[in-house]
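*Asks:* Sequence:
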Amino acid sequence: MPTGKELKIAVVDDIEGDRLQIADMTRDILINAKVPHSISAYADGKSLLDDIRSGKKYNLLLLDILMDEMDGMSLAKTLRDHGNDSMIIFISISQELCRRGYHVDASRYLVKPLDKEELKEALMCCCDKLTKKEILLPTDKGQYRTSFSNIQYVEAYDRGTRFILSDETVETRLKFSEAEGMLPKSMFLLCHRAYIVNLLLTKYICQYEFQMKSGARVPISRYRYNEVNQQFVDYVTD
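Residue numbers 11 to 248, in the numbering used here, belong to the letters of the sequence shown in order.
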């Protein structure tokens, strides 16, 4: 969720009363917390899946697990298999079913009847993760604190990973894959097997490279260029 943009939420439950209750509770919690948001409600998983495949994007999914046709767990697995990284809160009458959510990297598991305070805690936790602004980088001198918006790009090198900041370069012993996992996918894009770029600080994209606002140039894999270009367009126009 890029800074300043609304939290886009999808609620999926095949029981109308539960669906309305979840949406209403969520709306009330976020209004009181002054979190800009929009909520779309779906009566089945297939409808949400069709919308996402057509280009609809959500930051957070509140999924009932026990549904006819496509249950919430199957929906989440399908989305993950296709690279969707939306945060997920599972809601179910069964605590045991909720626990299976670790297979699809769910953020929280709530049991019906839904407790508003538990829902609030889950929503605020997701909001914090989506809007987190700072990161600690482990260096030989200690933990280096910086903001995500100060990181221009990240590159792999022989001893670890470099973070190219606006005013300096910080070297860490992190594996490149570890560094990638620390960065929010809403802002950072893997554009090359050895480079991750901060889309917030890009100026333009051309054949096989980004030019940053600072003037720095970051290579783009020629094999991923079309995909990267589309992700860049989606980020700017979303």
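No lab work stands behind these hints, which were simulated from the structure alone. One thing to keep in mind: the hints can contain errors.
Pairwise CB distance ranges, derived in the manner of DEER restraints [what the hints assert, rightly or not]:
(1) 56 with 229: 21 to 31 Å
(2) 43 with 213: 14 to 24 Å
(3) 149 with 45: 16 to 26 Å
(4) 76 with 226: 48 to 58 Å
(5) 90 with 26: 40 to 50 Å
(6) 78 with 226: 31 to 41 Å
(7) 144 with 56: 37 to 47 Å
(8) 41 with 160: 26 to 36 Å
Below 30 Å or equal to it, Euclidean Cα-Cα: the simulated DSBU-like pairs (lysine-lysine) are [said to hold, decoys possible]:
(9) 126 with 143
(10) 130 with 66
(11) 151 with 87
(12) 151 with 130
(13) 185 with 213
(14) 67 with 142
(15) 195 with 56
(16) 18 with 44
(17) 126 with 87
(18) 185 with 143
(19) 56 with 143
(20) 195 with 213
(21) 56 with 126
(22) 44 with 67
(23) 67 with 56
(24) 223 with 87
(25) 126 with 66
(26) 122 with 87
(27) 213 with 122
(28) 185 with 195
(29) 213 with 142
(30) 67 with 223
(31) 87 with 143
(32) 18 with 151
(33) 87 with 213
(34) 122 with 151
(35) 151 with 139
(36) 213 with 126
(37) 130 with 44
(38) 143 with 223
(39) 126 with 139
(40) 151 with 67
C-beta atoms are modelled at their ideal positions from N, C-alpha and C, and glycine is treated no differently.
*Asks:* Next step is simple, just say for each hint if it's right about the structure.
*Replies:* So, going through the hints one by one against the coordinates:
1. 56 with 229: 21 to 31 Å: Between residue 56 and residue 229, where Cβ atoms are some 40 Å apart, the hint is violated.
2. 43 with 213: 14 to 24 Å: The hint (14 to 24 Å, Cβ to Cβ) is violated, given that residue 43 and residue 213 are roughly 34 Å apart.
3. 149 with 45: 16 to 26 Å: Violated: the Cβ-Cβ distance is about 34 Å, outside 16 to 26 Å.
4. 76 with 226: 48 to 58 Å: holds, 51 Å
5. 90 with 26: 40 to 50 Å: violated, 27 Å
6. 78 with 226: 31 to 41 Å: violated, 52 Å
7. 144 with 56: 37 to 47 Å: holds, 39 Å
8. 41 with 160: 26 to 36 Å: Between residue 41 and residue 160, where Cβ atoms are some 32 Å apart, the hint holds.
9. 126 with 143: holds, 27 Å
10. 130 with 66: With Cα atoms ~25 Å apart, residue 130 and residue 66 stay inside 30 Å; holds.
11. 151 with 87: violated, 41 Å
12. 151 with 130: Measuring from Cα to Cα gives roughly 39 Å; hence the hint is violated.
13. 185 with 213: holds, 28 Å
14. 67 with 142: Within the cut-off at roughly 20 Å; holds.
15. 195 with 56: Given that 30 Å is the threshold and the Cα spacing comes to 25 Å, the pair holds.
16. 18 with 44: holds, 14 Å
17. 126 with 87: Within the cut-off at roughly 27 Å; holds.
18. 185 with 143: holds, 22 Å
19. 56 with 143: At roughly 34 Å apart (the allowed maximum being 30 Å), residue 143 and residue 56 break the hint.
20. 195 with 213: Holds. Residue 195 to residue 213 sits at ~19 Å (cutoff 30 Å).
21. 56 with 126: holds, 27 Å
22. 44 with 67: holds, 21 Å
23. 67 with 56: Between residue 67 and residue 56 the Cα gap is close to 15 Å, so the pair holds against 30 Å.
24. 223 with 87: violated, 38 Å
25. 126 with 66: holds, 28 Å
26. 122 with 87: Given that 30 Å is the threshold and the Cα spacing comes to 22 Å, the pair holds.
27. 213 with 122: The given pair, whose Cα atoms are some 47 Å apart, is violated under the 30 Å limit.
28. 185 with 195: holds, 17 Å
29. 213 with 142: OK: residue 213 and residue 142 at ~23 Å, within 30 Å.
30. 67 with 223: It holds: about 27 Å lies between the C-alpha atoms, which stays within 30 Å.
31. 87 with 143: holds, 29 Å
32. 18 with 151: It is violated: about 40 Å lies between the C-alpha atoms, which goes past 30 Å.
33. 87 with 213: The hint is violated at about 35 Å.
34. 122 with 151: Violated - the C-alpha atoms of residue 151 and residue 122 are around 48 Å apart, more than 30 Å.
35. 151 with 139: holds, 27 Å
36. 213 with 126: violated, 43 Å
37. 130 with 44: Between residue 130 and residue 44 the Cα gap is close to 13 Å, so the pair holds against 30 Å.
38. 143 with 223: holds, 20 Å
39. 126 with 139: holds, 20 Å
40. 151 with 67: Violated. Residue 151 to residue 67 sits at ~40 Å, over the 30 Å cutoff.
Against the hints set out earlier in the document, violations occur for numbers 1, 2, 3, 5, 6, 11, 12, 19, 24, 27, 32, 33, 34, 36 and 40.
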